[in-house]
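The residues making up each chain are set out below.
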Amino acid sequence: MTAVNLLTRLLAAALTLFGVAVVTFALLRVVPGDPIAMMIGPGATKADIAQLRANYGLDRSIPVQFAIWLRHAAVGDFGTSISMRQDVTHLIATRLPATIELTALALVLALILGIGGAVASVLPRRRWPGTALETGNGLLLAIPDFVWGLAFVLLFGVAFPVLPISGRVDPSLPIHFATGFVLVESVLRLRFDILGDVLAHMIMPAMALALPLASVILRSLRGALETEARQDYALLARIRGRSRLQVVTGEVLRNAMVPTLALTGVQFTFMFGGTVIVERIFGYPGIGNLAIDAIINRDLPLIQGLILTFGALFIVINLCVEACFVLLNPRLRHG
Amino acid sequence: MADRSATLDHASPPPRRAGRARRLLAEPRVLLAGGFLLLLLIAALAAPWLAPHDPTAQDLMLNEIPPGWSPDAEPGYWLGTDSLGRDVLSRLIWGARVALFVAVVSAVCAGVIGTVLGLVAGFFGGWADTIVSRLVDIWMAFPPVLLSILLVAVIGSGLTSVILAIVVIDWTRFARVVRAEAMQQRRMEYVDAAVTLGMARGRILWREVLPNVLPVVLVLMSLEMGIAVIVEAVLSFVGLSVASGLPTWGGMIADGRQIIYEAWWVMVFPLIALVLTVLSFNQFGDGLRRVLDPMARR
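Residue numbers (this note's numbering), protein chains in the order written: chain A, 12 to 346; chain B, 85 to 382.
A few of these clues could be false.
Partial list, derived from the structure: chain A residues whose beta carbon lies under 10 Å from chain B [to be verified]:
(1) GLY30
(2) THR35
(3) GLY149
(4) PRO155
(5) PHE281
(6) GLY284
(7) VAL287
(8) ALA302
(9) ILE307
(10) LEU311
(11) ILE318
Pulled a few chain B residues facing chain A out of the computed Cβ check, cut under 10 Å [claimed, not checked]:
(12) SER232
(13) LEU307
(14) GLY310
(15) ILE337
(16) ILE344
(17) PHE365
Calculated from the structure, these hints are not laboratory results. Note that beta-carbon positions come from the ideal geometry of N, C-alpha and C, so glycine has one too.
This is chain A alone, in the form it adopts within the complex (with noise of 0.2 Å):
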């Protein structure tokens, strides 16, 4: 990727940020629900909706609405949320670590269980076991973060109560850490008594992210690893000595990556849209929880807000995959 290429793609990312925003005010300038009506009291005179309607900017016209709001987004600035009376950007920056940990955590998990169960279901010589697993996994393809959160809910948290299932951390604990990546900070710090609590807190809600994405990696890897498993050389390695585990991780694994990985950066970025509900499920403060909660209280500045930062996000992961897939696939280092 030269240069110039970057300079492109970081200017239409720019324009994609843009064009999300420029959808999002319109149509939400639309929206039939009057969030003033929200937020006053039973008394209210027309005169105080007039000065609230004025305080928050909703007596201009809607170009001007816009302009004022992307003067502000523009150094960060998102308004203040209507429901929560605080500011936005402070109110999405505090959870946002919270979603970053937590997917970061379900890809790595993913990828784990993925790859692990694609290189295992190739490497008996007897076709059942591998067939066995790719039944089972087309059934669990069908089953959604959704369910597996549910689920796990009821197994770890009420059957075999394990787990705790909600929150992110035991708020009995004290911690006073500078940022809000807790999981991270708790390593850089030594504290292994709050990362257990962490992770007790994390596994579950990232386990129900990661099994869909799991089944997708699994799918498609195992494809791609008996199409390259067949290819010369890797006989060729075989003939030269090499264990069928040497071969299948070492030549194999590399060659059959590319079009997985390519896979998973697009399914990332729908588990990113998982978060949402999952959170939910598990009460964990992130910005999908958030999310909920913005629109049942039609909470305009917020939804805004979060819909951008969402957007942001997904721009940045299909970034990163797209350097990813330039550094593991040579061919490309020259386009």
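Position chain B relative to chain A; hints supplied.
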């Protein structure tokens, strides 16, 4: 290919249709899935007669009664009651109504819109194809969750907006596949033959090409119904679907999540119903594809 070109001749019915149906039913997975879906459909249609109790009738004297096999059970409440004393079985049966209604209506609407646009784009090509393809690209670039959040925020909660959200998001699934299929069909000899015979292009599309892409559309629709059932459950779980009066599986699951330590059955039964329904739609669609698609048959 033989049976495809045979549709040109309207006098003789397409051969092997009976064979296909038999093959479809010969697969145990399809038979199981189809049987379950049929039962569900009957339950949904006959809900007023099948449900032992009024699904919304509250009885605070009979709240959180465990299911029938438990020693504390109350006769007549086979799957127990929820925190307000409403019968879980009756709510489950009524919930099937909402689930199937959303599934069928949204899958059919998304299917029709996607198929029409896909057919036009694939068959006519040119600027029609450019417009549809660009539209699909832009649509797919917008992550579905973002789109559905935005939609529900704009049009508000309720059954109509759930269906609308599913249709608006998922028509692209149909459009992409049908477009590719129509492009393939356009190059077939029977289309040339029809053109030579002087049939109008629109008529060829409607009478000749559409019947040939219909199998693919049916498979996609079955899969789409599974997706729609989940989306409805998710939206009613967070309280953005139907008003609280109507029982839904997602709403029951949300109620059950609140009292999970006291009454696990309130959440477990709708969850089982949801999983079985989704798996059935999936397996049925999968079986349908294997029977209809010669490439996947082996």
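Structure-based check of all given hints:
{"no.": "1", "hint": "GLY30", "in the structure": "9 Å, holds"}
{"no.": "2", "hint": "THR35", "in the structure": "6 Å, holds"}
{"no.": "3", "hint": "GLY149", "in the structure": "8 Å, holds"}
{"no.": "4", "hint": "PRO155", "in the structure": "5 Å, holds"}
{"no.": "5", "hint": "PHE281", "in the structure": "7 Å, holds"}
{"no.": "6", "hint": "GLY284", "in the structure": "3 Å, holds"}
{"no.": "7", "hint": "VAL287", "in the structure": "6 Å, holds"}
{"no.": "8", "hint": "ALA302", "in the structure": "6 Å, holds"}
{"no.": "9", "hint": "ILE307", "in the structure": "6 Å, holds"}
{"no.": "10", "hint": "LEU311", "in the structure": "8 Å, holds"}
{"no.": "11", "hint": "ILE318", "in the structure": "6 Å, holds"}
{"no.": "12", "hint": "SER232", "in the structure": "8 Å, holds"}
{"no.": "13", "hint": "LEU307", "in the structure": "9 Å, holds"}
{"no.": "14", "hint": "GLY310", "in the structure": "7 Å, holds"}
{"no.": "15", "hint": "ILE337", "in the structure": "6 Å, holds"}
{"no.": "16", "hint": "ILE344", "in the structure": "6 Å, holds"}
{"no.": "17", "hint": "PHE365", "in the structure": "8 Å, holds"}
When the structure is compared with the earlier hints, no violation turns up for any of them.
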